[in-house]
Each structure stands twice: as C-alpha cells, then as structure tokens.
Amino acid sequence: MAPNHKPQNRKYVLLRLWKYLYQYKIILFMAMLLTFSSNMLSLIGPSLAGRAIDAFGITAGQVNFPKVYENIALMILFYVFSSVFSYLLAILMITLSQKVIFKMRKDVFERLSDLPVKYYDTHQTGDIISRITYDIDTINTSLSNDVIQIFTSIITVIGSLTMMIIISPTLVLVFAVTIPISIVFTRFMTGKTRPLFRKRSAKLGELNGFVEEIISGQKVIKAYRQEDVMIARFDEKNDAAVDAFYEAEYYSSTVGPSINFINNLSLSLVSVFGAILFLMGRLSIGNVSSFVLYSRKFSGPINELANISSELQSALAAAERVFRVIDEPIEGKDRDHAVELTDPKGDVKMQNIHFGYDPDKTIIKNLSLHAKTGDLIAIVGPTGAGKTTLINLLMRFYDPQGGSITIDGINILDITRKSLRKAFAMVLQDTWLFEGTIFENIAYGKRNATREEVIEVAKAAKIHNYIMHLPQGYDTVLNEDGINISQGQKQLLTIARAMLLDAKMLILDEATSNVDTRTEQQIQEAMRQLMAGKTSFVIAHRLSTIKNADTILVVHDGNVVEQGKHDVLLEKNGLYAEMYYAQFQNQN
Amino acid sequence: MKRLIEYLKPSLSRMSVGLIIKFLGTIMDLLIPWILAHIIDDVAPQKNTQLIFVWGGAMILCAAFAVLANITANRMASKVAARTTRQIRHDLFSKITYLSCNQIDTYTIPSLISRLTSDTYHVHHMVGMMQRLGVRAPILLLGGIMVTLALDPALAMVLIGIQPFIFITVYIVSKKGIPLYNNLQNAVDMMVRSVRENITGIRIIKALSKTDLEKQKFAQVSNEVVRREKKVGVTMAITNPMMNLYLNIGLTLVILVGAYRVNAGLSQPGVVIAFLTYFTIILNAMLSISRIFILASKGLASFNRISEIIDAPEELMIEETPLKDDDFHISFDHVTFSYHKNQANLIDLNFKLKAGQTLGIIGPTGSGKSSLIKLLLRFYDVDQGGIYIHGRNVKSIPRDELHKMFGIVFQNDILFADTIAENINFGRDLPQEQIVFSTQLAQAGEFIDTLADGWLHRLSIKGSNISGGQKQRILISRALAANPQILVLDDSSSALDYRTDANLRKSLNAHFENTTTLIVAQRISSIMHADHIIVLEEGSIIGSGTHETLLKTCESYRAISLSQMGGEANGTQS
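Chains A and B, in that order, are what the protein sequence lines are. Under this note's numbering, think of the first position of the first sequence as 1, with each following residue one higher. Under this note's numbering, think of the first position of the second sequence as 1, with each following residue one higher.
Be aware that a few hints might be false.
[As the list claims (entries may be wrong)] Simulated pairs of lysine-lysine, DSS-like, Cα-Cα distance not exceeding 27 Å:
{"no.": "1", "chain 1": "A", "residue 1": "K534", "chain 2": "A", "residue 2": "K446"}
{"no.": "2", "chain 1": "A", "residue 1": "K106", "chain 2": "A", "residue 2": "K219"}
{"no.": "3", "chain 1": "A", "residue 1": "K446", "chain 2": "B", "residue 2": "K215"}
{"no.": "4", "chain 1": "A", "residue 1": "K118", "chain 2": "B", "residue 2": "K215"}
{"no.": "5", "chain 1": "B", "residue 1": "K217", "chain 2": "A", "residue 2": "K118"}
{"no.": "6", "chain 1": "A", "residue 1": "K361", "chain 2": "B", "residue 2": "K462"}
[Claimed, not checked] Output of the computed footprint for chain A on chain B, the stretches with three or more beta carbons under 8 Å from beta carbons of chain A:
{"no.": "7", "segment": "116 to 129"}
{"no.": "8", "segment": "180 to 187"}
{"no.": "9", "segment": "270 to 282"}
{"no.": "10", "segment": "399 to 413"}
For the record, the hints were derived by calculation from the structure and aren't laboratory data. On a predicted model such as this, the values are computed, not experimentally measured, just so you know. Just so it is clear, CB atoms sit at the ideal spot from N, CA and C, and this is done for glycine as well.
Start from the sequences and build out the full structure, keeping to the hints where you can.
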C-alpha cells in the first residue's frame, strides 16, 4: 500500500516519542530530579548498613552500640524520604504519561478526522480502534514505567559503580567481563524481537478489525446460521494473534533470566575474588559485604534494563502503528489561492469528467452536465452507473482524474473544502445518527439552532409526531445501534437535519428510500418550499418522485446517455422510457 | 476468580511442571547468596584458595542451572497464557455470536468490542505475568524467609513480623483498585463508541464540516479515560513505596537486633551480611508481588467484564410447545410485541400464508415492518400470541433449523471485506453452480462479469467499492443461493432501478414458485402482485388482501398506490 508502510527507523520512532515527552519538560525535569534524589538516598543505605556492621567488631561483646544506633537512625530517615519521593515520583510520572497519551490520542483522532474518505473505505474500523486503544495503551504502559526505570537504572548504575570503585577498584574489574556480555546479548535479542513485536501489534489489529466487522453484522450472521463459521474464522485470527504474542514472548522472556545469569556470574566472581582480597588483607569483611550489596544494586537495574528493552520493543512497534496514522497524508491541502465560497448562486457545471476509484478502472467516462441556479437535477440510471460517485466528486470526497467541476464558474479545486461542503446540504441513504439527544442530532449541522427551528424542520420532515410520542420528546437519547427507531425514521431525522442547514445546494442520494411514499410526498412538498432558488441534485429510483425535475440525467456506464425533462424523455422512448415503464410492468 | 481458575485448569499440568522448574531455578537463585555467605564466613578464614575456587565454581553452576530453568519455565508460562487467552477469547466470541439481539442491544456493540479486544489482552497480560512473577516472587519470598530462619531464627522473626503490614496494604489497595479499573474500562467503551461513530459517519461529518466539533467531543471522552486512568494509577502507585519502606525498616531492625545478638555472641557478622543479601532478594520479591497485584487488579476487572458476558443467561431457549394442526406454512397468531416493554411496537398481528405464497408488507415509516421480520426469525420473542411455521411455534424450533429455512436480505444489510463469491456463499459450502445461478436470478451476473476478476473481486470494507444497487444484488444472491423455503426481502430492492427490480421479480416468480416469500417494500410495484398484502400502520394491520381488494377496501393503500403510480395504478395488468 502506501510507501510509508515499511517499518520505520527505530531511532526516528524513539525520537518522536521523546518529542511527546519533551513537550512536558518541566514535569519531566521534576521527575528526574526526584528520581535522582530518591535513588541517591537509597544508595546511601547500604553504606550506612556497612558502617553499622563494621561497628559490630569481630567477636562477641565488641559491638559499638552508639555507632550502630547513629547509623540505624540515619538509615530510617533516608528510607522514609526515599519512599515519599518515590511515591511523589510515581504520581508525577502518571500525570506525565497521561498527558502524553491524551495528546497522542488527540493527534491520532484529529488526523483521522482530516483523512480523506478513501482511508475509511480501505481500513477496517476495528483496526483503527485498535490503534487508538491497544497500541496507545502499550505505549502508555511503557512510558509510565520505562522512562523512569531507565533513568533510575542509569543513576543507580553510576552511583553503585562509584561506590564500588571507592571500596575496591580491583574488584570492579570483574564487571569489565560481565557488562560487555550483557550489552551484546541485549542488543542481539532486541534485534531478534523487534519484528516479532511488530507482528504482534499488527495481528491484534487484524483480530480487532474482524471482531468489529462481525459484531456489527451479527443480525445477518444469525439469520444465515453462520455463527459457527464465523467462530471458526475468528479462531484462525485469534490463533494468529495469540501465536504472534507467544512468539514475541518466546524470545523476549529469555532476556530476564539470561541477564540474571550474567549478574550471578559477576556475583560469583566478586565473592571469589573478594575472599581472596580479604585473605590478602586488602579488604575488610565489612567492605566485602558493602561491595556485594552494591554489586547487587548494580545488577538489579541492568536486569531491569534488559526487561525494559523488550517492553520498549513492543511500545516501539505500537508507536510505529500510531505514527503511521498520524503520518497518513491528509485530504490534500486546499490550494494556496483557494477561495472561500461565499453566498454561491449554485450554478454547477461538470465538464468531461473522468474518474475511477481505482485509476485503472474508470467508472465515469467523459461526463458533462450543467445545473443552473435553482434547477432540480435528477440523476437516474441503472444501478452501478456511477450516480453516487457523482456526489462523491461534487463534495470532493474524491477528485476526478480528468475534467473539471465548477460552481459559479470557479473550479471546485480552487475552493476551500470547508466552504465548498458547507454550500451543500446532503442526505444520504445510509443514515448516520450519533449517541445524543434527538435535538442534538437534528441541530448537528447548525450552530446555535433554537428549539423552535428544530421543531419546525422536524414537522416539515414529518417526524415531529413520532418524536413527541417518545418519553422524553426531543431530549430522548438515541443509541448508536439503538433499536427504538426504524430505518425510515432515522432517514427522516437526517432529512430534518439537512433542512435546517442554510445551504445553497442540496444533494439527496436515495434520501427517502426507506420512507413510505406518502410521507415522502409530504416531505417533498416541504422541501420544495425549502429548495426554492436552490440547486438540487436528486438521485432516486422511484421515478415518480422526480417527474418534476428540471433536468433528468440518465446515466449509463459512466456517461450521460439522455438528458431532458420527463415528457421529452418519455417521447424519446430510450432508456428512461424503458425504466419508467418497467415499474408498471407485470412480472409475467 | 473462580471462573479464571476453571480456565487455567486444562493447563494445570503444564503450569505445575513450569512451577516446579521455576521452583528449582529459584532455589538455585537462593543458593547463590548462601554459598556467598559460606565463602566469606567459613572458607575464607581457612585461607584455602583452592576451596574458594571450588565454591565459586559451584556458584556459577547454580547460576547456569537457574538460567536454563527460568527460561524454560517462562516459555511454559507464556504458552499457558496464550492457551488460556485463546480459550477465553474463543468462548467470549462464541457467546457474543449467540447472544440474543435483546442482549446485544443492552450491552451495546462498542462495549462488546472492547471486551473482546482490550479486556482480553489485559487478561492475557495478567495470566502471563502472574506465572512469571507470581511463581518466582512467592518462592523467593518464602524461600528467603526459610533460609533466613535457618541462618538465625531470631533475626528472621523480624522479617516475618513485617509481612502482615505488607499484606494488609496490598489487600486494601487491590480492593480499591478493581472497581477503579472497571470504571476505566467503561470509559474505554465510550472511547471505542466515539471512534466508531466517527468512522461510520465520516461522510456526513465532513459534509457538514463538523470535524472540529467531533474533535472536541473526542477530546472530552479521551479526557475522561485519562482522568480515570490517572485515578487508578495514583491509587495503585502507593503499593511500591510502601513495600520499600516496610522492608527497609525491617532491614534496619535486623541490623539493630543483629548488633545485640553479635554482642551476646549468638550470631556472627557474616550471618548479618548474608541476611542483608536475602533482604534484597525479599525486597525485590515483594516489589514483584506488588506489581502482580496491580496487574491482577487490572486483569481481574477485565476478566469480570468478560465473564459477565460469558455467564449471561441464555435467552431465547427452545421451548416445547404443542403443534398446531393446520396446513399453513407461516402463520402469525395474535402477535403483540414491544422492544422496551412499555409501548407496543406490534399489536395483534394475524395472518396466514400457504407454502409458495407471497406476502407483501407495506406501510409508513416506523409502522413495524422490520420488527415483524425480526420476530419471524425469532431475534426477539413475542410478548403475546405466537408465530408458527408449519404449525410449529418458532419458539420450539432449534435455532439452526429455524434459520436454515430462510434466505433473507435485511434493510441496510452488510457485506464483508471478502470476495463476491464468498459474500454470497457466506460459509455455507454451496456448490459453484448454485452461486452462479443465484447471481443470474438476482440480476447480479451482468455486473460481476464486467469486473476484471469477476467472482474473485474483493469487496472493500462494508462493500464500499461497489454501488448501493450492486450491493443489494449481491445480498439478494446470498439470500437465494441456498434455495430457501422462506425468502424474506426487507426493503432490499430500494436501490435497484425499476427495470432490474422487475427482472428480479420475474425470475423469482419463475424459479421460486414453491418458496414462501415475504417482501417488505415501499414501492407498490414490488408487492402488488403478491398473493396477500398487509398494510401496517403504527404496529397494526389496517388492511389485508390482494392488490385489487386493498384498492377497494383500504384507504391508505389506495393513497399510496395513487401517489406512486398515478392513474396507471389500475391498468397495469397488460
């Protein structure tokens, strides 16, 4: 597909994640400061413990109690501070990561809103949802733990290393062996697991895409008893997702124990050489003890870093998917000199339009038409002739590959999309209502619509009575997949919504296909008043509803094959006449 | 929780083996500091360098064994997690596909989606981590305590003394955490809904230039998710520092007590040093445990949401009902129904159809036409009366058998992102000829032939790469392909032009004469030739009979007819 589907550069992804963090640099800075102090405090702990133990003396009765007490009191004080700091730190980090997550979700969503319609026609809803939930969640988990963990680790490593060097530079040499091993191993494993984590995110996205599709279509699946078939298909996707998960874990789960092994190795070396150094009289027993404690402290974060590296891999894979959405090219920017379409007259001209959703498969070939201000243009034709495509082009959901469309003589490519779309009121066959009250749904297109206005259009759309029957009237909340409203009623609501718009041009794409004809006629009556002076494009199959059109365009195979008024077309006895009479044809 | 254990049962043997391996590996981890203490306290004073190396070698051996054991055990744990998740997801999905429509309406689709996706991976995460940390951490903890008991019981008592504080903290925090996580997941539902709503409505949103408003709306929802996540995060974050504090205080106490014991000659400094090492192990174990509890709270909240669905009572059970003795294929006997059980959506419907007859259903928007179809398929149960097929109450017919009788196209039906052939076949393993034939009958053959890859043409999501009329023809093919005994077309020719519609009717008549057909339509022309027509208005039948009778007896029908066909309404039997 798009060229940006190739795996992104890891450094680049990291850099971008960092930029998100960097936006909150004050919090980040405070967090680092806290990490630093709380770690410093706990680092001092072992050395205090060592001092206390040194005060024990060698044999019974030699314990220097005042010294022990002194060190113990200090230890408690330091540990309390350390805990308080680390709680504050956790809160800071949660705040930070939630801010980042919020920003990231916002960026994804805003980008989604600006993407061309085509994106939605080619990407599964569930996969998009998966990016905004699972993938961002994964990043979140990693951010809230790992950033601080990395920082802590660095501090602890440097701190304990310093302490160890102070105690015994010779013993530290042990780490010259083990640390390089850790680094090489971790690098090797991350290289190995990166593609696996990428796959894991992708497979989960696929699974989610499938789930969304199937649950949305549950009615038809029930009717065709396809439950078991769908379950079998689900199992396939589920297996793929689970296997991808397992594969990633298969490798990443070796990292922890392996690094632990390397740590144990250094511990063994430390004790052997520590003992030898003690024998040689170069170290006290208390020093050996402190050194061991520090070396444990030292290896802990290294262990953590290794674990983090796999978590980080999964976060990076998720981030890639998220950034891919954010990087998706938005609906082409308006041209630089694009003008606002203000107060259009509604003179629409299409000239020699060529178009195919797939550029290789032309659907519309050389189509031309002219709708004068106030005209009612009906577009009819056999199914699949490209009628809806015309609407997609008019609204600039897609741009034609050849030819031009002008409104009042201005090429629509030179008009800002926003003002172009605002100039149209559109009612489509598939009704879209959102979870909100009926009032909100009708008033959706017009800012600050008053209740009176809404009631007025609802009356014109013949839906007022139904609304008044509902328990909360206009304040009834519609569920997205709500059952308490029929398809036809939904359509009436969307018609009311369109009526409320103050647009100069009107598009009705099968807008009344689910409405009974009587209601439709009443609506048309209302519309006619509304449409006076407005250019309207009507796609309808019920030819009875378009008899009065100023121009009827008969589209066939992407061309306008006939054009004219109802009577003229009937006389012509062509495709239109054939279609018109077909509706009265006896089936025998 | 009990349910979760049930899910883990099949993996019990694997888990136990993993646990044992992990246990052994962990013992090795514990041996290492013990050897360390031994080297420092016993071997070093002997001034025997060789012995030091021997013990050092033993340490390395232990470490090597530990790494192998831990990797094996981790992989086994991942396997168990994968298996368990697979099963939970499978069960959840199966259950969802078999939920009644009523239940789906109640749970709502976005919530079901997020349970199946986001909640299942929380559970996956939990099961995996619980084993990896959950086995290791308690063993380290218990083992650590045992070894310390052996080393010096008095000092170990200090350690044990702190444990109750730790457990109380963990208990309180996780008790608070679960409802908070549940709360969070509910907000995630809202977010899923919001995103879904936007995707489905993108054309309208763009047409109305409402993207800015939608962005704001999403920001609100997203903000709520973040707020709740923060709340639960802040609560759960208490555990770690508290654990740290308890243990470090314990450590300090050990030194204090150790000082007295060493002074009294009851202990040695080396023992205290070893103690401190064990303390670090125990501290890390405790931190792991607190992490487990955070994970577990999150996972359990999600698991509860999942089992809420899995345990949902089965609705629409098969009921034994007496046979009705008549020779009608389909009959509605005084059927009354309402979705919300307050206001009736269908009132006292009464009609009968013989096999092979065609029923036309017409009526204004919202009069209950689609609801009638849903009742016939038993998506919902009637409130009163009964629906019979061949004298059998639909409640008594097994779901599979019932639905097998039907070929159906719903209003706003759905096509899937798959090939045309598969969309028609729809998993039924129909022979190729039958599919081809069905497309000819459904008037779809022609346009399929014009596609470069014909049958194998892949539809994009929700069939968005073909026109509305083409979609309907594929849907009709799907309905016809298996030669159903009952064909239901719910406003499924609305996007067909008249010519195609007429041709469709013709071929239906010719090839499906034994099929009982129910057609819901807005167009008179689609149903005027039906054997029987019912006119619905506000859920009641206000007229029934043939086209001719209805023209005479039903005012509404006459009005519809006039409006659609003008003066030609009567004279079409040419």
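How the hints compare with the structure:
1. A/K534 x A/K446: Answer holds: A/K534 to A/K446 is near 18 Å, not above 27 Å.
2. A/K106 x A/K219: violated (33 Å)
3. A/K446 x B/K215: holds (17 Å)
4. A/K118 x B/K215: holds (19 Å)
5. B/K217 x A/K118: Distance ~23 Å between B/K217 and A/K118 Cα, so the pair holds.
6. A/K361 x B/K462: Distance of about 20 Å is within 27 Å: holds.
7. 116 to 129: That given contact holds, which follows from 6 residues of the segment 116 to 129 of chain B lying within Cβ reach (below 8 Å) of chain A.
8. 180 to 187: Not satisfied, violated; 0 residues make the cut.
9. 270 to 282: Three-residue rule met by the segment 270 to 282 of chain B, so holds; n is 6.
10. 399 to 413: holds (count 10)
Checked against the numbered hints listed earlier, the structure breaks hints 2 and 8; every other hint is satisfied.
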